[in-house]
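Q: Reassemble the complex: the two chains are provided individually, in unrelated frames, and hints are given to aid placement.
Chains as they are written, first to last, in the working numbering: chain A, 1 to 112; chain B, 1 to 390.
Watch out, some of these pointers could steer you wrong.
Claimed, not checked - Some, not all, of what chain B presents toward chain A, calculated at C-beta under 10 Å: (1) R35; (2) L60; (3) D80; (4) G101; (5) N102; (6) K150; (7) Y196; (8) P244; (9) K247; (10) R352.
What the hints assert, rightly or not - Computed footprint of chain B on chain A, listed as stretches where at least three residues anywhere in the stretch have a Cβ under 8 Å from a Cβ of chain B: (11) 42 to 48; (12) 73 to 86; (13) 95 to 106.
Unchecked claim - Estimated spans, in silico, between C-beta atoms of each pair: (14) A/P109 with B/K280: 48 to 54 Å; (15) A/A81 with B/L135: 35 to 41 Å; (16) A/L91 with B/D275: 49 to 55 Å.
Source of the hints: derived by calculation from the structure; they are not laboratory data.
Every value quoted in this text rests on a predicted model; they were computed, and no experiment measured them.
The beta-carbon is built from N, C-alpha and C at its ideal position, and this holds for glycine as well.
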Amino acid sequence: MLQRSLLSLLAVVLLLGAAPSQATAEIEPARQRELLHLLRHDCGSCHGMTLKGGLGPTLLPQALAGKPAATLEATVLYGRAGTPMPPWHGLLTEEEVAWLVALLMKGVPDAP
Amino acid sequence: MHRSLLLLSLLSLLLGGCATTTLRGTGDLGLIIERADGSVLIVESTHQQTLARIEGLGDLSHASVVYSRDERYAYVFGRDGALTKVDMLGHKIVGRVMQSGNSIGGAISQDGRLVAVANYEPGGVKVFDADTLELLADIPAAYGDGKFSKVVGLEDTTDNRFAFSLYDAGEIWVMDLRDARNPVIEKFRNIGRQPYDALVSMDGRHYIAGLFGEDGLALLDLWRPERGVQRILDNYGRGEQPLPVYKMPHLEGWALSEEHAYLPAIGRHEVLIVDRHNWKEAGRVAVHGQPVFAMARPDGRQLWVNFAHPHNDTVQVIDTVTHQVIATLKPGKAVLHMEFTPRGEHIWLSARDDNRVDIYDTRTLQHLGSLPVRNPSGIFFTARAHRIGL
Numbered sequence: 001m002l003q004r005s006l007l008s009l010l011a012v013v014l015l016l017g018a019a020p021s022q023a024t025a026e027i028e029p030a031r032q033r034e035l036l037h038l039l040r041h042d043c044g045s046c047h048g049m050t051l052k053g054g055l056g057p058t059l060l061p062q063a064l065a066g067k068p069a070a071t072l073e074a075t076v077l078y079g080r081a082g083t084p085m086p087p088w089h090g091l092l093t094e095e096e097v098a099w100l101v102a103l104l105m106k107g108v109p110d111a112p
Numbered sequence: 001m002h003r004s005l006l007l008l009s010l011l012s013l014l015l016g017g018c019a020t021t022t023l024r025g026t027g028d029l030g031l032i033i034e035r036a037d038g039s040v041l042i043v044e045s046t047h048q049q050t051l052a053r054i055e056g057l058g059d060l061s062h063a064s065v066v067y068s069r070d071e072r073y074a075y076v077f078g079r080d081g082a083l084t085k086v087d088m089l090g091h092k093i094v095g096r097v098m099q100s101g102n103s104i105g106g107a108i109s110q111d112g113r114l115v116a117v118a119n120y121e122p123g124g125v126k127v128f129d130a131d132t133l134e135l136l137a138d139i140p141a142a143y144g145d146g147k148f149s150k151v152v153g154l155e156d157t158t159d160n161r162f163a164f165s166l167y168d169a170g171e172i173w174v175m176d177l178r179d180a181r182n183p184v185i186e187k188f189r190n191i192g193r194q195p196y197d198a199l200v201s202m203d204g205r206h207y208i209a210g211l212f213g214e215d216g217l218a219l220l221d222l223w224r225p226e227r228g229v230q231r232i233l234d235n236y237g238r239g240e241q242p243l244p245v246y247k248m249p250h251l252e253g254w255a256l257s258e259e260h261a262y263l264p265a266i267g268r269h270e271v272l273i274v275d276r277h278n279w280k281e282a283g284r285v286a287v288h289g290q291p292v293f294a295m296a297r298p299d300g301r302q303l304w305v306n307f308a309h310p311h312n313d314t315v316q317v318i319d320t321v322t323h324q325v326i327a328t329l330k331p332g333k334a335v336l337h338m339e340f341t342p343r344g345e346h347i348w349l350s351a352r353d354d355n356r357v358d359i360y361d362t363r364t365l366q367h368l369g370s371l372p373v374r375n376p377s378g379i380f381f382t383a384r385a386h387r388i389g390l
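So that you can see chain B by itself, here it is in the shape it has in the complex (with noise of 0.2 Å):
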């Protein structure tokens, strides 16, 4: 009796220094962004709703997130060069860093120790301790005479290492940092021309660059490094005159299934199927316009497609065994993002432009809620701290 008593008691003092006075996991938790008034939402899959607001992180047009391996604290890159660190159940900013004057995302290192941003201007990646924002490296994209390349599809992959594409140079560089203070580059020169995106697979073997200047895509395998940059989908387009595109397509996401990969074809209203044990074509999928994300499902099952302006109020879902269009969906005005539930029953969708978030059941297809956010864009649940290329 005495015990619990002093027990309570002890529990009610510890507790009074906290935001909150319930403890609670992070593992439903997740950010969305509102790209116009460069703030945050805290939001809870669990109960589908809101737990935050958090202001004042500048500039979020294409701002995206990833999570310390805790799951305790998300890192978000702004467009504007900061780089924010959030507290998930603090429900407060805990670090903040301009890092640069125009960046375009980044990743966390497989330990966790490290987090490395993909800079546009001055071209280039910096590498920060994820506890205090330190900045450990800075790796300038040089090029050619003097030069700096705009940097691109900056992902994490196995063993503290990074790849990423330069833009204007055509090349793709894999930096390892398991001595973070001093990177050691491995530079792939002539991978084909304006790597635009890239990502790499679930296992952290495959490193893929979209191009924008050619037909085809670049491909690293990390577990060869030695082969070389190799030209997949050579000629997808076969020649023909690309449709003027609107919108890059993304190519970060789960858009790999055991067998294949979906690529979203630039300046095409296709998704283009690739065999993932030799790297051809598999086939295409004829869409309702020029895909942005072609995101598959966390068990494969099935393929959700966004689309570039003026197509971007459809979503269209992709059976990956039949390969055929199963669902159309017109969820809202400029969508720009969907986010899975970490098993994925639920796909969370951002209508930017009617400022709400959708909530869908992915077996039924039926619309299950919707949230209120100001010029949604990028969702993204913690489940991300713990996958590779995420």
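Bound conformation, chain A alone (with noise of 0.2 Å):
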């Protein structure tokens, strides 16, 4: 269990650091680990655990390939009209749904 967080966190370390970005520098490693946890388990909810998707949509990087950061970013931030998903800003700063939308982009590592 906690071989497997080190992991991931090494994962995110390394994923990071070879994209290194104005947004990421400023979210603390602590608060990226609540920020994993939030993707997998709440977000996870709807788009499920591994984000292949439930009621709603795969956010497995093949599928948002091609689609503009900054829409997903508003999608998050704002939520989307007429269907479930609810506007996470008041939770999230933009600053993290940035740096969850370019990991969801790049493909999240594996680990609960």
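A: What follows is the structure, given as structure tokens:
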């Protein structure tokens, strides 16, 4: 269990190391872990824990390919009218959403 | 003397082949889902202990369980489309089929011979032989112009029928499986936008689907299907903008008492009370957050409610006579599910982010103990075997 979360942390660090951006630099590692957990379990309650989709659509990189990051970020921040997708602003900052979207587009390290 | 010796040796021979050496029943057993690990725990509620961990069940986020009528076998519905049959006494997997790409739960028929699974992808219902897991019927949820809908709220009722809702199509279908290989389906259209989950009353008579896309719920009287689907609690939100929903409510469970039905209001911090005689609103209870489960204790005297993110560290207890909140508990981080012991003296709560299941006395509201469980979600006791709609 511990090993696995360490491994996933390492994977995130490696991933982020490869493409550092303004947004990711501002998010503390502890908060990054919380965001990953939120992504798996809370986003996962509709999009599936493995992000293959459920009531909400799949969030795997191949499904998101070609979509502008700004559009995806706006969907997360402001929700999607007519669907159950809620707005996350107020719970997540713009930087955090940008970090999550960038992560989703690259593929989330495979850890619960 | 001779005879009892002979009997003893015969008995030891017999038992030598089994996993356990003492006889036991299954009425106080249950399964707890470890959602992130693809494993389940077999637990026992009399001594509040874990008996075994079974691994290799796949993606168990949003997994649910039904039981064979002898309470020997559990059927676990995984998110990844797997249907797994678990032997509650042998502590092992005895059958498993990958029956779809993405599923959301299932039900077992009145006679215990059929297990039906609701699928998101491809949208539809599949029916399996409960003994062999052989596929008996495949019902695609086709609607409109060659489209397929996600299926939600699949519930068993009497006469080997099942009812389910089509999320994308806004329909309720009733499937008669008296001849399992030749299902007879009755479709009810235009029942409301985006039905997201459903329940069936314990007598199998009323099927109620919650609607995400509009205020209100869709009610089908299965004793009087010719009357069609009726809208209840129409406009309960009174046109006000609903709050964002961070987790969809669940309707299945004992959310019914003799007089009232208790339903989680979607997008509001309220539990709705419905008069079961006329299906009109009989009141509402203001609660701590958006309810996910509103479950009545088996005797109907209390209602236990848990909440969506970000209020999911809290559970509230409502007195069903006074309709007052009588307790607000903080059992742990991310309380996902609750299960009463068969007669309701205890309740088990899963605290996902604390890796723990907590046990409370429902009368004193005292914490009795905890079991270590990895990211627990659903808790399912075998007593469900004998209840319609669970």
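Q: Against the earlier hints, flag every one the structure doesn't satisfy and list their numbers going up.
A: 13, 16
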